[in-house]
Each structure stands twice: as C-alpha cells, then as structure tokens.
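Protein chains: 4
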Amino acid sequence: MDFAFSDRCNEYRDKLLEFMEEWIYPNESVHDAQIEESGDPHFYPPIMDTLKAEAKQRGLWNLFLPHSGWWGDGFSNLDYAPLAEIMGRSPIASEACNCSAPDTGNMEVLTMFGTAEQQEQWLRPLLDGEIRSAFAMTEPDVASSDARNISLSIERDGDEYVLNGRKWWTSNAFHKHTKILIVMGKTDPDGPPHQQQSQILVPVGTPGLTFKRNLKVFGYTDNEGHAETIFDNVRVPASNLIANEGDGFMISQARLGPGRIHHCMRTIGAAERALELMCQRVLERETFGRRVAERSNVQDWIAEARIELEMIRLLTLKTAWLMDTVGNKGARMEIAAIKVAAPNVALKIIDRAIQAHGGGGVSQDFPLAGMYAGIRSLRLADGPDEVHKMTLARAELRKYDPEFRTDGGSSIAPGGGRG
Amino acid sequence: MDFAFSDRCNEYRDKLLEFMEEWIYPNESVHDAQIEESGDPHFYPPIMDTLKAEAKQRGLWNLFLPHSGWWGDGFSNLDYAPLAEIMGRSPIASEACNCSAPDTGNMEVLTMFGTAEQQEQWLRPLLDGEIRSAFAMTEPDVASSDARNISLSIERDGDEYVLNGRKWWTSNAFHKHTKILIVMGKTDPDGPPHQQQSQILVPVGTPGLTFKRNLKVFGYTDNEGHAETIFDNVRVPASNLIANEGDGFMISQARLGPGRIHHCMRTIGAAERALELMCQRVLERETFGRRVAERSNVQDWIAEARIELEMIRLLTLKTAWLMDTVGNKGARMEIAAIKVAAPNVALKIIDRAIQAHGGGGVSQDFPLAGMYAGIRSLRLADGPDEVHKMTLARAELRKYDPEFRTDGGSSIAPGGGRG
Amino acid sequence: MDFAFSDRCNEYRDKLLEFMEEWIYPNESVHDAQIEESGDPHFYPPIMDTLKAEAKQRGLWNLFLPHSGWWGDGFSNLDYAPLAEIMGRSPIASEACNCSAPDTGNMEVLTMFGTAEQQEQWLRPLLDGEIRSAFAMTEPDVASSDARNISLSIERDGDEYVLNGRKWWTSNAFHKHTKILIVMGKTDPDGPPHQQQSQILVPVGTPGLTFKRNLKVFGYTDNEGHAETIFDNVRVPASNLIANEGDGFMISQARLGPGRIHHCMRTIGAAERALELMCQRVLERETFGRRVAERSNVQDWIAEARIELEMIRLLTLKTAWLMDTVGNKGARMEIAAIKVAAPNVALKIIDRAIQAHGGGGVSQDFPLAGMYAGIRSLRLADGPDEVHKMTLARAELRKYDPEFRTDGGSSIAPGGGRG
Amino acid sequence: MDFAFSDRCNEYRDKLLEFMEEWIYPNESVHDAQIEESGDPHFYPPIMDTLKAEAKQRGLWNLFLPHSGWWGDGFSNLDYAPLAEIMGRSPIASEACNCSAPDTGNMEVLTMFGTAEQQEQWLRPLLDGEIRSAFAMTEPDVASSDARNISLSIERDGDEYVLNGRKWWTSNAFHKHTKILIVMGKTDPDGPPHQQQSQILVPVGTPGLTFKRNLKVFGYTDNEGHAETIFDNVRVPASNLIANEGDGFMISQARLGPGRIHHCMRTIGAAERALELMCQRVLERETFGRRVAERSNVQDWIAEARIELEMIRLLTLKTAWLMDTVGNKGARMEIAAIKVAAPNVALKIIDRAIQAHGGGGVSQDFPLAGMYAGIRSLRLADGPDEVHKMTLARAELRKYDPEFRTDGGSSIAPGGGRG
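Residue numbers (our numbering), protein chains in the order written: chain A, 1 to 419; chain B, 1001 to 1419; chain C, 2001 to 2419; chain D, 3001 to 3419.
It should be emphasised that the hints constitute simulated quantities derived from the structure, not laboratory data.
Source: prediction; values computed, not measured.
Warning: the hint list may mix true and false statements.
[To be verified] Simulated restraints, written as ranges between beta carbons of each label pair:
{"id": "1", "chain 1": "A", "residue 1": "Asp49", "chain 2": "B", "residue 2": "Asn1149", "range": "40 to 48 Å"}
{"id": "2", "chain 1": "A", "residue 1": "Val326", "chain 2": "D", "residue 2": "Gln3195", "range": "47 to 55 Å"}
{"id": "3", "chain 1": "B", "residue 1": "Ser1151", "chain 2": "A", "residue 2": "Phe43", "range": "34 to 42 Å"}
{"id": "4", "chain 1": "D", "residue 1": "Ser3076", "chain 2": "A", "residue 2": "Asp14", "range": "26 to 34 Å"}
{"id": "5", "chain 1": "B", "residue 1": "Glu1403", "chain 2": "C", "residue 2": "Gln2034", "range": "36 to 44 Å"}
{"id": "6", "chain 1": "A", "residue 1": "Asp14", "chain 2": "B", "residue 2": "His1042", "range": "43 to 51 Å"}
{"id": "7", "chain 1": "A", "residue 1": "Asp49", "chain 2": "B", "residue 2": "Gly1191", "range": "54 to 62 Å"}
{"id": "8", "chain 1": "C", "residue 1": "Asn2164", "chain 2": "D", "residue 2": "Ser3038", "range": "46 to 54 Å"}
We put the beta carbon where it would ideally sit given N, CA and C, even for glycine.
The shape of chain A in the complex, shown without the other chains:
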C-alpha cells in the first residue's frame, strides 16, 4: 500500500504544473470570453486548439489511459491520480490534455473491447484528439440508478441493428467535434437481468438520431452540452456492436469504475482550488475592524477543508492503488466509498468558499458556483450516492449474514453520461 509518487509521476506532475501556470490559468478567461463573444454556448473556442497542441507537444496527453499499446505506455491509476487532481483545478485543463469524460471512458472501452476496425476508425482519432465522442446511457423516463430499468431497444434486422428509444444526459453531444456515440440498450429484454443489454457505436449524423435539446446544469449551458437524444429507427451496421450481444452490462461495469475515480481525482483538484481562493479572499477583506481571516469561524472552515481534503485524497490514492493491484472489481467497495465521499466533501468546501466571497461567490467572477454545479451533478451521475451506499451497506452486513439481501440483485448505477 505504497502511495508515494513514482519518479515518472513526479516528472509529469512537474510538467503539468508548469503547463497549468503557463498556459491553462492565463487562458481560462480567454476561453470563456471566446465562447461568450460567439453568442453560441457550444462554440468551440480557438484557444482550445492552441492548448491542445501545446499539451500534446509536451507529452501531457492521454495520461488517463492505463493500457499500453501502439499509443505508448499507459499510466497506472496511482500515477494518474495526482495528475488528474491537477487538471481538476481548472475547468479547461482536462480537455486540453485529452483527458476529459466521456471520451476517456469511451477510449478505454474501445481499447479493451473494440475490434481492430473499430479502433482504427474511432479510437485512433479519439486518441489523437481529432474527434470527440459521447456516451448515451441514462434515460429520462426511468430511474436509471437501477440499470435494469434501461429500455432503449436495439433490434437485429439482417446485417443491421435498429435503435429506438430516448436518452438524456448524453454529454458532449453538442461539442463541435463529436462524431461518435456509444449507446447502451437492450438486445434481449427477456434475457437474464444482466445479459439483456448491449453497447453499440452510432455515428453522429445517422438518420433518426436527433439531439433534441440541451440540458442545463444549475443554469449553466455547458460548452460540451448534455443532450436529450432521440433514437427513431436509427440503423447501424451489425459490425458496430461492441463485443457481443448481452455484454452491455459487463462493459458498463468495466468503464464506470475508472470513470468514477477520475471524477473524484478531478473533484479534489477543484476543492483545493476553492480552498485556495477562500484563503486568499479572507486575507484580503476586512470587516468590523479586522481581516476576515482572523475570524475563528472562517478558520474552522479552512481547517475542516484541509482535514477532509487530506482524507479524500488518501482514500482516492488507496482506491487507485487497489485498482492497479487487484483490479477494478477488487476495488469495487473503495470506488463506491470515494464516489460518495469526494463530491460531498468538495461541495461543503466550495459552498463555504462561496460564502467567504460574498455576492461574488455565486457569480461568474469566480469559478466557484460553476464548480458547485458540476460537482453537485456528480452526486447523481454514475449512480446517486444512495445506490453506492446501498452497495457498501450490503457488503458490510454480509460480513455477519452472508445471505443478506435487500432489494433487487444489482447495485450497478449508471446515470448521467459523464463517466
């Protein structure tokens, strides 16, 4: 259980920190201004091309991928954790480094389960940062926290599959570069609960596929967008299926573990930045004759932030280390634990940072309210807190009663296309 940063990790941390200072932080406002000025919240800001080129040239590219292959050597989860945390400090760093969800999960799925042809067509340009992708899983009409509720139909018809149904929270749908969707649906609605589902590739532009509208997050129209997506007799070649019919649930499981911990890593970075902003603010402002930083209630906020950040970082590192050593399945409980803990801790810190900023805290002048909105939605995406807690409680209770069951069979908790 050694969490020390490896030499390779340290080397990339240094490079990444330098990149953040030199390129990311100074261009956050440029990025926002370019979108603002365009009048289109989904506009692709040219500065992002500059940042991507710079990141790629520095080797700060695809750091999330734990697998090795023709694209180079993968990073272990433990090595990636501190890098993802650093990227999490800024809302624009992950995209610049080709490490943003849901591409990360899609790339990992294609790496593990894609045919050579699928990889050539979609994985290569994704890894190169030439295109982006989306993942269509959650549905508006059912509680997606129970994967068995999923209802989009994928029917075989000769050499094709025909898709019918409705999804939402298809993140990245409105990104100008998005060319491909991975879609989860049912090929065998009457099969065994965990073999009904399949996953299939659907190119953007396929007739019958419509991004009906964008879903906002606390008023924010995210640049990449979260679509409500209509599938109306969408036909794709049978070769677009990922792995085999009935593998959909298994593929979800494979992607969601890493997806969840990546979010936690980035969340820690966001919370660290919120704490930093809070400290700077309370040192600057004065009320009733002394600096706000001298008030002991604010000091309590700062101390509690530091304590809880230390704790979620350690749990994230342990989880990453477990994924590396015993596999994602062996780390299932820790993944559930940190998926609950990290966003809740971060929200508490960000909320207090907002409070310390007065009216500015809820406005666009600081990144705090935006962080809050994004991380608040993480308590729902990829399984709401309550489902992960159910998983944890059941495991705990089974230590004493191995037969213990509560409801249903599965605790898998897909959710809002962010993983």
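Position chains B, C and D against the provided structure of chain A, taking the given hints into account.
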C-alpha cells in the same frame, strides 16, 4: 401572539390560491419559453402583462405594503406572510402581483420618506406597476457586510449631487421597465459612522450611469438582471435626496427588516413546492423492485422537511407579528434569526428534492436548481449568515455582560440589492 | 393560534420562577450530596420532602393535569408548556412539583380510565404526592418501537389475571415511594393487531414481581431507577384491569401524546440552561489573549442555539395549542414532529456547551453531561426518531397518494417507560 | 508513503487478535463484575493480573514504545497503529498490554529525558507493569487549551522544589498501582512564554499531595480515576526535575504528539466495534414486518460509517508514517488533523449504533454509551478541537501570507491528562 389567519387574510389566501392554479402555474412554462425564444434573457415576456392585469383586476396587488394611503389599506406583516409564501411557490408570481424585490423595499422607502413630489413621480407608477426600480447598495471592492465600508461618493455641488463610484448586484437593472434607482452612498465620509451615508434617487438614463454587465447567479442570467453599475460623475438635482443628508443608514435599516422577512416568506413557499415535487417524484419512480417513496432514507428526508418547514414558518409568523406589534426595531433579533434559518432549511430541502429527481433535478426540467441558486444567494444578500449570527450572539451575551462588545459598532448587513 | 401566555399562566410562571430561585437552584447540590453521602444512588433525599411541601403550599402542584375534578382546575397544555419548560431547567424541579414522568402519564390514565375504586386507591395518593408509580411497557427481547411486538402475557384465570414476561426501562421502579405499576401486555395474542393489548395495575410487592436490576443511562444510575422487571406468574385481581380487555393500545395512545410533549417542554428548559451556562463560561474564560466569548465560532454556536430554541419552542406551543383545541389525535403529526426536533436541537446545544466548558463539561461539576445523557435517551424513549419520521413521511406522501403504505399498519412507538 | 503492514506488524496483529478472542473479549464482563461486586469503582480487578501475565508472556507488551533499549526493540508508529486499533476495540485491552495512557506518555518522557536514576526508579517498574503513573497538567481555574495559562508554581528551595497549586483530570490517580506523578508547572513565571514551564516527578504519598476527589465522565466513575489534585507545599528533591528548568513546554510537545495519535488509533478500534455491534443488532431485530437491516436509512448509517472509518484510518496511518519518517514535529499538522477527525467520526458512528440498539444502547448492556463518553472527552483532552483547527487554519493561511498571525503565539493544547 396570535398567528391565526385573519378573515381578510383568509379571503386573500383563497383568491391568491385560485389565481396561482388558474394563471400562474399554467403560465410558468409560457413565461420561460417567451424569454428563451426571444434570444434575450432580459426580454420582457408579454405573458407577464396578462398576469399583471389579471392580478390587479382581482385585487391581488401591492399586498406587501403595510402602510395605508391613497392606494388603499395596507396589510399587516402577519396577514402578508401567508400570501407571500404562496407567491414564493412560483418564480413568476411576485412580479405578477407587484410584490417583487427590490421594488417592494423601494416603494416602502418612498412611502415613508419620499416627498410628495418624489411620490408623485416615482411611487405612483411603481404602485401602478407601470415602471420598476432598482436599489444600488452593495459594492464589489469592499465587504459590504460591514455597512461602514461603503465608499460611493455623493457630493453636493450647488443644486445638484454628484455621484462617483461602483456598485454591483443592482437587481432589476436589466428589467425593461426599470426607470429609477435608489442609491446608497456617502455624503460625509468623515462624519460619525452611522451618519456618513445618504440615499438618493437616480433616474435610469442619467449621463454617467452605466449598467456595465450582468452578474449571473450560478449559471442563471436572471430575467431582471443584477448589474455591475458605474457612477461616473452622475449628476442629479438636490431634490432627489431621500430625507436628509446622513439618513442613509437609518433608511437602510427601515427597509432591510421587511425586505429580509419577505424573502423568508417566499423562501418557505419555494421549499414547500420542492417538498411537493419530491413527494410526487418518489411516488412515481421505482428502483430495485419498489417505489422510491418506500425507502426509509427518503422518508427521513420528507419528514425532516416537514418538521423544519413547520418551524421556520412559525418563526416567520412570530417575527411578522412582532413587527406589527412592537415595530421592526423591536423584532430585530427575530428578523436576524429567521434570515439565517429560512434559507438554510430551504436549501437542505431543495437539495434533497434535487437528489430525489436524479439528473432531472439539476436541469431546467424542474424549478429546483433555479430555486437553489436563488435561495443560496439569499445567504449572502442583505447580510451574510455570519453577520446576523454575530448580532444574535452579541445580544445573547449581553444578557450576562451588558458591556459585551466584539468588533466594530454596527451589525447592519446590507448586501446584494435584493431587499 | 394564539400562543400568548394567559393571565393564569403568567401568574404561575412568576410563582414558579420565584420558587426556582429561592428553593430549587440552591438545593440542587444539597439533593445530590444527600444521595452521594447515603451510598445508595436510589436513596430518597430528605430535601425532596421539604421541596415538595414548599411547592404544594405555593400551589405549584400537579400543574401538568389538563383535566378538572375534585383536585381542582386543570391547566391547558398551552398554559402548562412554559411552566414545564421552567421546571425542565433543573433535574429536581419536576419531582418537587409532582409533575414528573411516568407518574404524570399514570395519573392521566387513571383520571381518564380508572374506576372510582382505582382512583381512590391509587390516583388520590399519587396526586397527593404520597406515593409514586411506574409504567412497564418496553421489552428487552423485541424492538418495542413496533407496539405489536409486545409479548408479555396477561391471562385471565377466574377472578384474577396472571402475568408472565419480562420488561425493562421500568422507570421509577427503584424510587423508594413507588407502590404501583401500570403494565402493558397481551390478553388476546391472536386478536386484531390493535386489540390484543390490555393495561393492568400491579402493586409493588405482588409475589412474582421482581425488579431484577437497574439500567444505567450512560454512566448514570438515575435516582428513580429504570428496572429490568420480571413477571413470573404474577397474580392480580381482575378488577385491576384498566378499562376493558383490548383497550391497551388505545390507552397507550392517550398517554403517549401528552407524555411526549411534556418531555419536549422540559427539554427546552434544559437547553436554555445549557445556553446560559455556555454564555457565562465563555465570558469568564480567556485564551490566547482574549475572552472566548469574542471568538466567532463560539458566537455562531450561541446564535444557532438561540435560533433553534426559538423554533422548537414555537413548535411546542403550537402543538400544545392544537392538543387543547383539536385534541391529542388531531395534533398527532405535530407531536411526532416536536418529539424529533426538540431533543435533537437540545443535544446540539448541550454538546456545544460541554465543549465550551472544557474538561469540566463532561464532569459532575456542571449539569451538562447529565442533561445530555437524559435527553439522548429521549431520542429512543416513547418511540425512536425513525418511527416518528416514518409517521410524518407517510402522512406527507398520502397527500399525493391516499393509498400509500409502507410497512406494517401502525406507527405507534412506545419505548422506554419514560412517558 | 507505504502503509502496508510490515511482516513484524502482521505477526503481532495475528498474535494480538488471538489474544483478544481468547482472553480479552471473554473477560470484559468478568472485569466489570469484579469491580461492581467490590463496591469500589476504583477496585483493581484480579482478572487484570491474569490478563497482564498472559499478554506479557505472549510478548504483547509495551508495543507502544517507538524507542529501542534494554527493554527490546521498539515498534514504529506505523507498526503500532494497527495494534493500537485492535486494543482500542476493548476498554480493557490497553491496560492488559501495558499500553494505556497516561503511562505510555510518561514512559516515553522518561525514556527520552529521564536520568539513569529516574529511569531505574520509575521507568523500569512502569515498563514491567508493576506500577502505574499519572500526569498532572490541566488546571481547573484556567483555560488549559492555552498552555501559557498554567499556574501551578514550582519553586526552588535549596535542594528541593516546592509545588503549590491545583490540577484536575489527573488520570490514573485512583488506580491502586499508581506510584508516581509527572507534574507540569511554572518555575519561571516571568520568563519567555515557552520557557516558564518545567516538569517534575512527584511520588504518590508525598506530604501535601492530595487527590481531593474523582471527576466523573458522563456519570461514569472510571476505574483508574481522574483526580482533582491539590499541591500544598509539596516538597521533592531537586533531582526529581525532568531535564532542565524551562524544558516543560518542550517535553509536553514531545509527549503530546504520540499521545494524540495513540488515542486516534484506539478510537478507530472502538468505532469499528460499534459498527460491528450495529450490524449485528439490525440483522437480529425486526420492526413492521422486516429486519431493521433492510431499512435504507440504517443502511446509509452503515455505509457512511464504513466510508468515514476508511478515511480516518488512512489519515492515521499517514500521520504515523510521517512521525516515523520526518519526526513528530514534521507531522504536526497531520496530528492536529487526525486529532480532530477521528473522535468526531467515531462519535457519529457510536451515536448511530446507540440509536440502532434502542434503550439498550444507552445502558450498561452494551459498551456503546461508555465508548461515547470516553471519546467525547477526547474532543477536549489534549487540546480541544477548536485549538487544533486554529493551528491548521493558521498554517493554511500562511501559505498565502507568511506573516499571518491570529492570536497569541502558541497553539499548544495540553488538556485533560489523558495523553
């Protein structure tokens, strides 16, 4: 301490509930769609004119005003509380009934302190709903929670006053009907701490007055807008002064008490609606073989919501009753108490309602995230929680040590122009 | 909904406050010392006789009883609330005024359901303060929060009933004056769920009745004691039955409402005293160069205490008023709400008062830890929080789905013989 | 940052777990019964001699001592952490293994600062478990959270020192084997703030030394006792001084770091046991037709307990590892963090376990209320939460303003003689 609804109150409650059912709820989506379609978040949606006409015709108009005059008989705070709660259930009802901040505070100030001329020019059209108004108090460069930090300068120059400085959170600034601002600034920066300030009327369009930009609340561009406002040698006639030089602090005190409790009343309505939405949602959705409503953690949320709503409603009623019977000053501690309690209780309820709604909860499909953003900002506007708690603690400690002082002298807590 | 204190209430408040100052507070340490010196934690301290005589002579006697009769005019719940709060400030006041549980509930049951003979034999000496009594309901082997789990058997055998079973938390069992028990058990285990139970009088000393041992509350051996009680073929005359066979559940319901709100009233008094002690302490002590009272985190504690105390007091008053006006059954939801809210608020306040007292806070030098222990057990007695919340949630959900059911049928929540 | 258990640690964990199963758990009730039957809460129960002999014979002895010497090889803090956690599961294990406070701290002080003579006279029998010891630091009349408040006077008089003053929370004072006290006082009240204090050895029985009374903890009379201690012209030879005059503060610092983390380690063990008891209980009990374990609110409690336990364990391990690698001073912030986090997490878990146990939870039938009382007092002992948070906040703020100061100079937080 009788909180029973009076006959008049009951009569207006019935009328208002009917109006909500028949006109407000069915037109919420119309209102939003009209703004959305216009492409201008500050667009004035025509449906509002219909709603205002209907409300006025039903006598559901200016209910907030506790004073009687040529406009009719005022409502006591206790009578108004349940009416404001009902209006608080919808984001569009207060405007429809001419009961929305900051006009309410401005109208009250003009009623109490305006000259006959000022009343004729500004109060009458405000009461008629023909124009709207803004209040410019909070400043971006200082911690406005300490009123003495206010720095906008109001200098006498012959028959005029000249204003220089910068404000923000000038709510209503971007409302198409806004014609007049009440501005707080310093006429005597070297005077005794609470006599340095004055308030003055500044018509929209006065040279040198610029609404530089809109401040968002989380990601929301509120229809009425919250401006950053520049005063660059803004000149107004000396007769625009409200009351006398040095009265600014006293006038603030007079408006902020009612302003704060009005927010609390509306907040309770919003929280009641969130609870209602939560109950409906968990009765509809099923996970792992049974309705979400049957889960005991969700039942705990519902029960705690009901308990805490009862408590903040009673404290609001008591505060209103005190304002009616012993005056706003005598109710100062209760106003501080409910100003802290109501938003915090409401945020907890709304947050859980969001959680119960899954991904939909943070989106525009439900009013929950919008309510959250608005009420979160109430923990900052009109004085942050921490300042009100300081006031309460100091009063409590003085029961045992009458000489007890902490910092500074004043605990007045202006803040974001929403009062 | 008028919560103003009536003239009669004000008159008794004044008398009671005077009695507290002159007799109760000065004798708290005498009371404890007499018990300590006796070497028997259940010793009856002679000072209590003095206090009782004094209270009786001042008319501060049986104030809890809402019924009128040969013993005089009863107090409404609303009139009693502020009096019970005052008594709650001291652990010895309720007994001195013959207003302590479970006698209060027992006296009320005998008033409402006792035969003339039962009243003569037991109610009269209870009202006179000559004897005390206990209530045996909770059982150690089942979750008593579900009343249907109760298993003590009451079998008719000729002119007698025979009791067999085991109870615990029989409060008052070790009080030297306790002469009579009201026992809840089953006369018809196969009847309809809510008609299986009966209640019956069992005199202390009846063969087969044994107080096996005392249960501590945290480390406290309460003076009155809480017994584990064995019923081994305990025979009593059939005339000892209260009301009829099958009425046990109904009688419980009748007593538990008042019992619960009495606890809440006293709890508020205890919390007020904790707040008072906290304020005094932080004004006295100095750390790092200034008084602890000047620290803003401690000020937040004080302010939150004041806010939350106001809220639970108002909810208690409303509940009392409802009981007076629409009956205990009509106030069922409010009783459940305050039963949850009051102890939780009080525990938070007391815990912070302990923290403000440093090491002394957990010791016998202050009444704080004792208050904490007693009030912590209230979250379990008379139904745990969770059962009351279930009741509240179910009622809320039924507003939208009148058929809504979760588990079982009954939400009655007996619990630890303190009501 | 490798937290994996070493081979030596694993070997001792196995031995210790076996010892717990075979000797400790079965004898907890024996231990309590022997004390109970004696009629003296400070009675030394003979079973403890058996347990100590058994532990010593198995080599489970003095595991806490990080130093090596004639007594054998010390354990690193990282190796000791999981062992202390296991001992923390039972209130009697630490004493059985000669690892209980405040002896541990006293032994460490004598190891590091004692003269050969002092070591021979006091350290050897302490290490052998023949005698026990106490530490007198906290004072009743001042806020000991500010070390500079300490007022006991130590005056040189020829070859002797004369002590005058009053202490409390002298833990172990009533243990039948306690023979020696380490006392903190002032030799130079006018010196520089951190050089006024000295520490000195005072044998039990020295004239003028009186253990005036025992302090209870939430009603509990702890077997070892916590004395209020009077020093009335207590004379000891000058050679009893530990290190030099003025070294008292430095010696405190040296002991308090390890003392605090030891408490955290044991606290985790106690919380694990509470979680275990909660799981077992809810699996056994049924309400309203199903097992309590199936209720999702209780499952949330269990899941949150597991999540938070993982986090405090990791932070404890990191802190121990830091103490081993960069020294106690280098681990100062982490010690402060875990000192706050561990007791608060544990109290939340234990409180919920109490709730899950119904009335039994607060009684002597389960160890829960006792654990609660003991760990609640840890939030005060060795520095209250608030002082540790101040330390942490100050360090955080100094990252941005190196000159930042709040109050006073020192954040050392002595407190209730348990370290």
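Structure-based check of each hint:
1. Checked against the given bound of 40 to 48 Å, the beta carbons of A:Asp49 and B:Asn1149, roughly 44 Å apart, stay inside it.
2. The given range of 47 to 55 Å is respected by A:Val326 and D:Gln3195, whose C-beta atoms sit roughly 53 Å from each other.
3. About 38 Å separates the C-beta atoms of B:Ser1151 and A:Phe43, a value consistent with the hinted range of 34 to 42 Å.
4. Checked against the given bound of 26 to 34 Å, the beta carbons of D:Ser3076 and A:Asp14, roughly 31 Å apart, stay inside it.
5. Checked against the hint of 36 to 44 Å, the C-beta distance between B:Glu1403 and C:Gln2034 comes to roughly 40 Å, which is consistent with it.
6. A:Asp14 and B:His1042 have their C-beta atoms about 47 Å apart, which keeps the hinted 43 to 51 Å range intact.
7. Between A:Asp49 and B:Gly1191 the beta carbons are some 57 Å apart, a value that agrees with the proposed interval 54 to 62 Å.
8. Under the hint 46 to 54 Å, the C-beta atoms of C:Asn2164 and D:Ser3038, about 35 Å apart, miss the expected range.
Hint compliance for this structure: hint 8 alone is broken.
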